[in-house]
Every structure is written in C-alpha cells, then in structure tokens.
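With the hints as extra help, turn the sequences into a complete structure.
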Amino acid sequence: MKILAPIRAHDELEMLAASGAEELYCGIVPREWSERYTGAAWLNRRAAKGGSLETWPEMKRLVDAAHAARLPVFITLNAPYYTAEQAPLVLDLARRLSGDVGVDALIVTDLNLLARLSEENLAAALHVSSVAATLNSEAIRFLLNFGPSRVILPRSLTIPEIETIAADVGRDVEIEVFMLNDGCAFEEGFCATTHHHSVGAFCTSLSEMQADFEWYGPLFTARRQRWLRANLADYREWVFYLNGNGCSSTPKGLPYGPCGLCAIPDFLRLGIASLKIVGREASPFKKLASVRMVREVLDRARAGVPKLHVIERAISLREAPAHCASGYMCYYKVDSKT
Amino acid sequence: MQWCVHIAGPQDLDGDATVARFTSLEGSARLESAVRLAAGQIVERFGQVRFTRCAFGNEFCEHLLPAPSALAAAVEAARARDLAFTLVTPYVSNEGIRKLAELLPLLPEGTEVVFNDWGVLNLMLRKFAQLRPVQGRLLNKSLRDPRVMGIYGEAPAADGAAAATLAALQRSNLDNESSTALLSRFGVAAVEMDNLPQGMDLSFAARLPVAVYLPFGFISTSRVCMAAGLHYHKADKFQPGAPCRHECQTHLVEYTYTNSPFTNRDQKFYLKGNTYFYTHSEPMLRSLLDHAASGRVARLIFQPRLPMTASVNGVS
Numbered sequence: 001m002k003i004l005a006p007i008r009a010h011d012e013l014e015m016l017a018a019s020g021a022e023e024l025y026c027g028i029v030p031r032e033w034s035e036r037y038t039g040a041a042w043l044n045r046r047a048a049k050g051g052s053l054e055t056w057p058e059m060k061r062l063v064d065a066a067h068a069a070r071l072p073v074f075i076t077l078n079a080p081y082y083t084a085e086q087a088p089l090v091l092d093l094a095r096r097l098s099g100d101v102g103v104d105a106l107i108v109t110d111l112n113l114l115a116r117l118s119e120e121n122l123a124a125a126l127h128v129s130s131v132a133a134t135l136n137s138e139a140i141r142f143l144l145n146f147g148p149s150r151v152i153l154p155r156s157l158t159i160p161e162i163e164t165i166a167a168d169v170g171r172d173v174e175i176e177v178f179m180l181n182d183g184c185a186f187e188e189g190f191c192a193t194t195h196h197h198s199v200g201a202f203c204t205s206l207s208e209m210q211a212d213f214e215w216y217g218p219l220f221t222a223r224r225q226r227w228l229r230a231n232l233a234d235y236r237e238w239v240f241y242l243n244g245n246g247c248s249s250t251p252k253g254l255p256y257g258p259c260g261l262c263a264i265p266d267f268l269r270l271g272i273a274s275l276k277i278v279g280r281e282a283s284p285f286k287k288l289a290s291v292r293m294v295r296e297v298l299d300r301a302r303a304g305v306p307k308l309h310v311i312e313r314a315i316s317l318r319e320a321p322a323h324c325a326s327g328y329m330c331y332y333k334v335d336s337k338t
Numbered sequence: 339m340q341w342c343v344h345i346a347g348p349q350d351l352d353g354d355a356t357v358a359r360f361t362s363l364e365g366s367a368r369l370e371s372a373v374r375l376a377a378g379q380i381v382e383r384f385g386q387v388r389f390t391r392c393a394f395g396n397e398f399c400e401h402l403l404p405a406p407s408a409l410a411a412a413v414e415a416a417r418a419r420d421l422a423f424t425l426v427t428p429y430v431s432n433e434g435i436r437k438l439a440e441l442l443p444l445l446p447e448g449t450e451v452v453f454n455d456w457g458v459l460n461l462m463l464r465k466f467a468q469l470r471p472v473q474g475r476l477l478n479k480s481l482r483d484p485r486v487m488g489i490y491g492e493a494p495a496a497d498g499a500a501a502a503t504l505a506a507l508q509r510s511n512l513d514n515e516s517s518t519a520l521l522s523r524f525g526v527a528a529v530e531m532d533n534l535p536q537g538m539d540l541s542f543a544a545r546l547p548v549a550v551y552l553p554f555g556f557i558s559t560s561r562v563c564m565a566a567g568l569h570y571h572k573a574d575k576f577q578p579g580a581p582c583r584h585e586c587q588t589h590l591v592e593y594t595y596t597n598s599p600f601t602n603r604d605q606k607f608y609l610k611g612n613t614y615f616y617t618h619s620e621p622m623l624r625s626l627l628d629h630a631a632s633g634r635v636a637r638l639i640f641q642p643r644l645p646m647t648a649s650v651n652g653v654s
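Residue numbers (my numbering), protein chains in the order written: chain X, 1 to 338; chain W, 339 to 654.
Treat the hints with care, as some may be off.
[Said to hold, decoys possible] Derived contacts from chain W toward chain X, CB cut-off under 8 Å, selection only:
{"#": "1", "residue": "A467"}
{"#": "2", "residue": "L507"}
{"#": "3", "residue": "V562"}
{"#": "4", "residue": "V591"}
Since the hints were made in silico from the structure, they are not lab data. All C-beta atoms, glycine included, are put in the ideal place defined by N, C-alpha and C.
So this is what it looks like as structure tokens:
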C-alpha cells in the first residue's frame, strides 16, 4: 500500500520523497487552455493558478526528477466532462504527457475521454477518478471495459462497502482511497456546482444562508421546530469539520481537515493499493506534515502493531483529541475492536 | 414530442391526465408557485397536452427504491391507462444493486429504465438486456449551479474567452460524436437532462434523443442525508448511506441565498432529504419550451413534486 501525495512544483519533490511519499500526482494547465477559457471552465478541477503546473519544461523537470527518485507521477485530467472543442486539446495533452514527458498515469473522470484514451495505446496507465462515482462493484466492472489499472473510490464509501468492492474487483484493478485533507459534503461526482472563487463551495455557502422549514404534517409544534433546527446546527458543524475545521490549524500550525488515519490498518488488511492525500494547491508545509503523518501510521501498521495502538497513535498525531472524538473529522467510521 | 408525468405512485394516475390536475398534486406551499408557473407556461405554449408516459422512481436515494409491490402497482396503473412506463433509478451501493436486481425482473420487456450509475447500466447489460436503458440526468455533468450560472448565461460574451467558456458550460461530453456513439453502442436509447440556468446547447440531440425535466433541477446530492440525522445521536449522525426512517418525507428546507455576492439574494434553493434542487425561472421555462417547440427535445417530463417521494405502497 503506497502513499500518494499531491505536488505542485519541482521544489516540493525532495521534501515529499524524504518524508515518505511513494507516488505523486499533479495537474498541468497549459497556456492554450488558459488563453481559450476564463476561470469558470477548469481543466482539472482546480484553478489554473496555484493548483497546477503551467509549462511543459516545468512538468518534464518534475517527472524526470521524480523518476530518478523512483516515484511515479500521475496527472489529473479529471474534469467532469470535456466538450467536442475541448476533447482534442485534452487528448493531445494526454499524448504529450505520456510520450514526451513520460508520466506514469492519467487520472480521468469523463467516460468519453476514458474510452478515447483506451484506444490510444498510451504508455501511461489510466486511473479512474473518484469523480466518476464508482460506488459499487458493477460500476467498476463497467469501467473495466476501458482498461484502467486503478480506480479511486469516492470518499463516501464505508469500510465495509470498500471491503466488499475490494473482494469483488480487487484482483482486476488497483484500488485507491482517500486518506487526508479534503472533505466534500456531497457526492463529488454528483455535485453540479462550482467552487469558483466568486461564490465558493456550495456546501459551505449553505451554512451561511437563511434556512426555513416546511413541515408536512398537521402540527408543526415549537418542539418539532427546535428538533429540526438542532439537527441543522449539527449538520453545519459537520460541514465545518469537512472544511478543515473552518480552515483552522493546530497550535503548531498544522491545518486541520478530514482524516482517515485510523482506517489504515483496515486498508492494509483489504489490500488497498494507495492512500491519497488531497491538496494539490495546499502549502508545502501542509503537504509535508500530511505525508509524515500518514507515513508514521502506515509504518506502524506495516510492522504489525496492534490496530488499537495504531489508532491511538493516529489520534495523538492529529493533536486534537476533541476534534477526533467528535467523529465529524473522520472519512471513515472505524471499528477499533476488529 | 412526448409528454411524461412523474408520479409518486399509482394513486397519482387516478383522475384526469391533465396538467391542471397533476399540478394540484404538489402539497408544498413553498413549491406551489414554481409548479403553477411551469404548468401555465406549458398550457400557454402547447395547450392541453396529452401525457402518453409516466415515470416512477427517483434518481437520488436508494433508500427510496420502491418495494416490489409498489413497483408492480405503478406498472399496472400505467398499463391500465395505456401509458408507457419508465422506472427511474438512483446511484447505488452494492446493496442498492442487489435491490434493483430484485426489482428489474418485474418490468415488462422493453420497459425504459433510467440509470444514474454506471453500475446500474452494467447490471442491465449483464442480466436485463430486454429492458431499455436511458442515461439519467446525474450522468450529464454540465454544471448547473444556480447561484452563478444564470448570471453567466445573462452576461454578454464580451470576448472570445468568455464566449468559449459559456459555450462549454452550455454543453457536456454529449457534444462529442464519440460520446453519443459510445452510449448507443451500449444500447442507451436516450439521455435525460436538467434545464440549465446558463442555457442549453442541444445540438447533440440530432444523434441521441433528449428528455428534460421541469420545473425542478438538481444542484447536488449526497450519500450523507441531513434529514436522516434527525434520529441519530450527534456523534453517529451524517454517516454515508446510513439507514433512515424516511425523515425526508416529513419536511422541506428552503434556503434563501442571503449571502450572495451578487444581486440574487432572494434566490431560493430547496433541500429534500439528501438532495438540493432549484426551480426554473420564467426565462428558463421559456427557453426550454422554445427548444421543445423547435424539435430539439424529444420528451418533457413534468414533475409536480420534488422527486423524493416515498411510494405510498412502500419502499424496498
């Protein structure tokens, strides 16, 4: 089971490799795209500035150096869709990334792009993005028609559901799961909203909106109203945790965010191929601290440390036992006794 | 063009199959005006339309999959009224796939099944080839964020980049001939869509028939349901796919975009269960009905309620 870390620049490579990253992923938004479209049309689910590399020499330098350090590099081509005008540009991008740059895999959501790339016989492998919303084994079997070597499971799957999927298709395709840093209140692949800076994420925006209830029954009593309001407050607290605890940090400066560290022993047992750390656009410090945390917990699990002790260490690493105890900062609900 | 009505159960078909009667099915005071606006536009544009198909089921929650008896009753009610029948299915877990494998054998040969999950399509291809797959609106990935997309649609395309971006936002991967050919290869007979706030480019419809819902569009959906949290202790709330008591049937949440950075601070969004919806504005309805009148839309699906209603005949 590998640790997959986000990277945005060659400068981040040495520290990520030294800290325990075993795979890397990043995005590129070439000038042709940035000049053709405004910021409302994203090539890879991140704004061009700050979340992606922008030039071919930068990308080539990063990939060559990563390969010298024996780290594979995967590239996000994971927009929910590409139009007929965009598809040739993206296909050409994929060919150059695979052929000229030598990247190891392309991360894809759009079924049309996946099908087209599967016919290209590229050297780069194909990974199915979590945005493709593979929530069941049948969906993965369908996508296997197009030859992906890996499927990234949506973060909304539970450990028992992942276990069933791994048992069903784990021999046919690698499985990657979310591990740290980025929450989503919705099913990512079925969210038709934008995160454009002008409006921000819909889920967090909702927490600041006026909300009114309509009751479908004879008596909308004051008690029922309080009951609904209390649940809404709990839901908004859950969204706060998804949003990196309101974008706050530990006293040592480590940003909070959704976390799956306690599930690492389960994922090791299930034969999961890769643990994804989210945040291409994050600061180098956050990336570094994230990789170190995952590495420390994974090393303990690999060494056969009992699950309960691994979980205790994971909680201590987060330096926020109250947040961990809330249960709202967790990607996965873990049964510490099994 | 075909007219379809989305029903919550066979009782919805008791009585006249008219826009006016279907409109009266909506019991929400907050949603009533949107439904009446759409109904008025339909009648004004097309007169008393004749519904020849009904759709049953939902796209958003596997906990609302109908019980086998409920599905059988809906199929029979449609047959008795000489209406074609469509079963709409949600995105699902492996458990949902198992339930659907029990429901699909109840459908007569040739029945349309709307899939919103590649796994459901694969199940149909493997075991129910006698059914007719239709791609659902969740698999149409056009953004439809009502907070801002309407503004993009209204803004004049000042330069090439803005025009190219708006064109991209009004389309989807269906824009590619390879995409519609791929769906056809898998036997997909049609695609469903929402009416986009930024406007729709339906030029692909010459290659694959398109059906559009009105007067509600979906914004976002989740395996984590706020309503389902009502009966859980706080620490156990908001778990993906958690069992529920169909708390979504008891209430609706209306959000007002009071924190908008633009002028649309009175805009409304609606949460029912695990899914957020927008309603069609008058210009959006006019634009959709223009598409329909010009032949680019093969079917309009009138939904007098938000499509989150548990069948009175039970759920799986």
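Verification of the supplied hints:
no., hint, verdict
1, A467, "violated (14 Å)"
2, L507, "holds (7 Å)"
3, V562, "holds (7 Å)"
4, V591, "holds (6 Å)"
Hint compliance for this structure: hint 1 alone is broken.
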